[in-house]
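Participant: Single-letter residue listing:
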Amino acid sequence: MKRLALLPLIVGTLALAACGGTSSSGGSASKAASGGSSSGGHTTITVWQGDTETEAAAFKTLVAEFNRTHPTITVNSQFYGNSDYALQKVLAAIAGGKPPDISYLYGSWAPNIATNPQVVKLNKFINADPSFNWNDFFPAERKVATVGNNIIGVPALVDNLALVYNKTLFQQAGIPTPTPQWTWSDFENAALKLTDPAKKQFGWAYVNDASEDTVWRYWAMLWQAGGSILSPDAKQAAFNSAAGVKAMTLLQQLSAKHAIYLDDGSDNYLSVFNNGHIGMLWTGPWDLAQIIQSKVKYGVTILPADQNHQTISGPDNWVMFNNGSAREQAAWTFLKWLTSPAIDLQWVTLTGDLPVRASVAKLAGYTKFTQRYPGIGVWAANLNNATQARPQITTYPKISTAIGQAVQGVLLGKAQPQQALSQAAQQVNGILAAPG
Amino acid sequence: MTASGIAVSPRPSLLKRLAASDHLAGWAFVAPAVILIAVFALIPIGWSLLLSLQSTNLIAPAHYVGLANYRALTKDPAFRSAIGHTLVYTVLFVPISVAGALGIAVALNRRIRGIRFYRVAVFVPLVTSTVATGIIFLWLLDPTFGLVNYVLHLLGLPQQQFLQDPNQALYCIVVMTVWSWLGFDVIIYLAALQGIPEDLLEASEMDGASRWATFRSIVLPLLGPATLFIVVWSTINALQLFDEIYVTTRGGPLGSTTVIVYYLYQQAFQFFNGGYGAAIAYVLFLGILIVTLLQLWIGRRRVYYSS
Chain A
0 MKRLALLPLI
10 VGTLALAACG
20 GTSSSGGSAS
30 KAASGGSSSG
40 GHTTITVWQG
50 DTETEAAAFK
60 TLVAEFNRTH
70 PTITVNSQFY
80 GNSDYALQKV
90 LAAIAGGKPP
100 DISYLYGSWA
110 PNIATNPQVV
120 KLNKFINADP
130 SFNWNDFFPA
140 ERKVATVGNN
150 IIGVPALVDN
160 LALVYNKTLF
170 QQAGIPTPTP
180 QWTWSDFENA
190 ALKLTDPAKK
200 QFGWAYVNDA
210 SEDTVWRYWA
220 MLWQAGGSIL
230 SPDAKQAAFN
240 SAAGVKAMTL
250 LQQLSAKHAI
260 YLDDGSDNYL
270 SVFNNGHIGM
280 LWTGPWDLAQ
290 IIQSKVKYGV
300 TILPADQNHQ
310 TISGPDNWVM
320 FNNGSAREQA
330 AWTFLKWLTS
340 PAIDLQWVTL
350 TGDLPVRASV
360 AKLAGYTKFT
370 QRYPGIGVWA
380 ANLNNATQAR
390 PQITTYPKIS
400 TAIGQAVQGV
410 LLGKAQPQQA
420 LSQAAQQVNG
430 ILAAPG
Chain B
0 MTASGIAVSP
10 RPSLLKRLAA
20 SDHLAGWAFV
30 APAVILIAVF
40 ALIPIGWSLL
50 LSLQSTNLIA
60 PAHYVGLANY
70 RALTKDPAFR
80 SAIGHTLVYT
90 VLFVPISVAG
100 ALGIAVALNR
110 RIRGIRFYRV
120 AVFVPLVTST
130 VATGIIFLWL
140 LDPTFGLVNY
150 VLHLLGLPQQ
160 QFLQDPNQAL
170 YCIVVMTVWS
180 WLGFDVIIYL
190 AALQGIPEDL
200 LEASEMDGAS
210 RWATFRSIVL
220 PLLGPATLFI
230 VVWSTINALQ
240 LFDEIYVTTR
250 GGPLGSTTVI
260 VYYLYQQAFQ
270 FFNGGYGAAI
280 AYVLFLGILI
290 VTLLQLWIGR
300 RRVYYSS
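Line by line, the protein sequences give chains A and B.
Going by numbering that gives the first Met the number 0, the final residue of the first sequence carries number 435, and the count climbs one at a time with no gaps.
Going by numbering that gives the first Met the number 0, the final residue of the second sequence carries number 306, and the count climbs one at a time with no gaps.
Looking at chain A on its own, in the form it has when it is part of the complex:
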């Protein structure tokens, strides 16, 4: 019955979204969303938040503190688990006319989310309040929170890719460990030397499920080689360039020599690394807690350079929905408090995430945070290497799929770099030319 039940569910979700019926995502969500109120100077707002259990517990702590220190506002927090599920819930709630006051949403959804008239444009709050200090947020975060000229979110989480390596394997292979000055050829040589099929040992790992997880790693390489994703006017594909081919060729050569552990998307790469079978990972702070637990002797440094050491960042947003001006004001008060430097430091110390503001690094408690999570300081500083963002357009998910197929084809040895990129560029140009 498990499978049979699914189609009506999908059809049902679509239908509910169309008709503006009630939320399909269960009683708790819709109850919570409608539970906001404003009377007698007291305002209650609802916040939907997702991610891991660690984040859920930390968020509860902070919300309790906010409610204690802000007697006129009550924040109701609802945890929905993995953020992947947020979109469906929010879609249903929007259709039902009862969105939460604030929801955590992936940055890549921003251009589509922004098309909803209930989404609050935050420019008015930010411009009226210099103490909010918008420019204190990292550039990559601000880009993802901005659609056109409208700021539609406050940065909620930021990460980026850095190079994590197993010191023991480097020692065994008799090669020096990576440095911040490393080039692609240093990286390639090390990956090959760390590879030993007899020991089931790989130099590197790559998530090869053709999802955005496959694609964003390729974007980092493309930028490092000096390429761009789209033309400046975002009307043409630009990745089909010498830089694009160079990045693809690096993937092709390492994969052909079995130097890459190809992860099927189940994120097994982490346990394989933690068991000492992978020399280097390109990964973010989200893996750090488990790496520390595994007792692997690891080091962290920035990504190797071709032209530069750029990385890619995947910021997510707190998006506000308009449920009346009193609740809107209360929601803004909460977000300003939550993302203030002192509270943000509290948050990252509890979760091991990266600070969303640059000034957090100047606070007195910051060293305590970096000592608690050895290596985290590299990712925090690496945010300065995240100078570009993915295109902020509604068709990005389709573009991502086209590139995902190209990268996967090359990694599996089913396509040549130039051929794969030309084909993807043709698809992307078609997507960009299509109306709507």
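Hints listed in this document are in silico derivations from the structure and should not be mistaken for laboratory results.
There may be inaccurate statements among the hints.
Short, incomplete list of chain B residues facing chain A, as computed with Cβ under 8 Å [said to hold, decoys possible]: (1) Pro252; (2) Leu253; (3) Gln269.
All residues carry an ideal CB built from backbone N, CA and C; glycine is no exception.
Could you slot chain B onto chain A? The hints should help.
Facilitator: What follows is chain B alone, placed relative to chain A:
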């Protein structure tokens, strides 16, 4: 009584007739199910038809586009290959699981030691969550660290890429889903086998029929209704394959396991093409309806129902 000048008494009111009729009790009994089906199936089916005539990202207000989504579907090569993958899967999944279930059910329909254990063992995969099944198979079939490749290595056979090979992935999904769904078919067949009257089997034995002849001429025809049910049920399930793909290959590698419902999901919830997704759902719905009616029509001619 005839109308003979006497004033005709008015017919009893509709309510009274209803209350007196046998139908009322029947409807009262089925009402909960009818209401649930209406709310969770019929109404969404109607609404999704409306949605399929709109262009919407499910976030901003939608606008009506007539049959544009359906016209686009006819020109969409990705949709065509999704249909192809779904058909290949169905054509493999249904016969293999029906034949496999029949064999296992016959083997389990005996009085031997530990029969309960075997029956439970066959049924367990069905109640295992799809996510768990998916993760187990991902590890079993992992090209580097998987058990299956290890066994192949011991046997001196070449290593395979399985779910990471575009030419093998769909067949791996067939194996995985047959394993996890077989239990259901086996239970149906076991029940049907135990419903076969003993006297018929004894009679054929007395007439000197071999075991194979008994099976072919007595058992198999009597299993007809069960077989028809299982074929229809499995076909519907196969055409709606989604969960197993979602937790393992996510439609890959290189789109080789993108089946219709997975493509629908991609369009509606990754690409924000809600109307297009609804149109796919509708085409699939009509396709399943036609296939099912065809199967039932053939079944009515071929299946023997004992009284």
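Participant: Run every hint past the structure and note whether it holds.
Facilitator: Going down the list of hints, with the structure as the test:
Taking 8 Å as the C-beta contact cut-off toward chain A, the hint placing Pro252(B) at the interface holds, the least distance being around 6 Å. Annotation: interface hint on Leu253(B) holds; nearest CB of chain A at approximately 6 Å, less than 8 Å. Below 8 Å, beta-carbon pairs count as interface contacts, and Gln269(B) has one with chain A at about 5 Å; its hint therefore holds.
Violation of the numbered hints given earlier is absent; every hint is satisfied by the structure.
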